[in-house]
Amino acid sequence: MSISVNKDACIGCGACVATCPDVFKLGDDGKSEVVSQNDTECAKKAAEGCPVQAITVA
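Position 13 of the sequence shown, counting from 1, maps to 13 under UniProt numbering, and the rest follow consecutively.
Bear in mind the hints are in silico, worked out from the structure with no lab data behind them. Small disclaimer: the values here were computed from a predicted structure and weren't measured. Treat each hint with caution, since some may be false.
In silico lysine-lysine, BS3-like type, Cα no more than 30 Å apart, as pairs [said to hold, decoys possible]:
#1 Lys7 with Lys31
#2 Lys7 with Lys25
#3 Lys44 with Lys7
#4 Lys25 with Lys44
#5 Lys45 with Lys31
#6 Lys45 with Lys25
#7 Lys7 with Lys45
#8 Lys31 with Lys44
Using the sequences provided together with the hints, build the complete structure.
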């Protein structure tokens with residue numbers, strides 16, 4: 001499984017970081033980026049909570 005963030009869709013709200021701080025961080029551009037591929041279950045929860053559906057776990 002692979003975790004990714006669509007930077008064009010991301011609005012930088014930080015919900016994913018709040019849900020999975022070991023998987024996501026806000027980058028210098030203010031948008032989410034993946035820092036670990038190790039917790040796909042947590043990433044799925046973050047994807048469900050993303051208001052713009054910018055996270056993909058596939």
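**Message:** Of the numbered hints stated earlier in the document, which are not met by this structure?
**Reply:** Going through the list in order, the structure violates no hint and respects every one.
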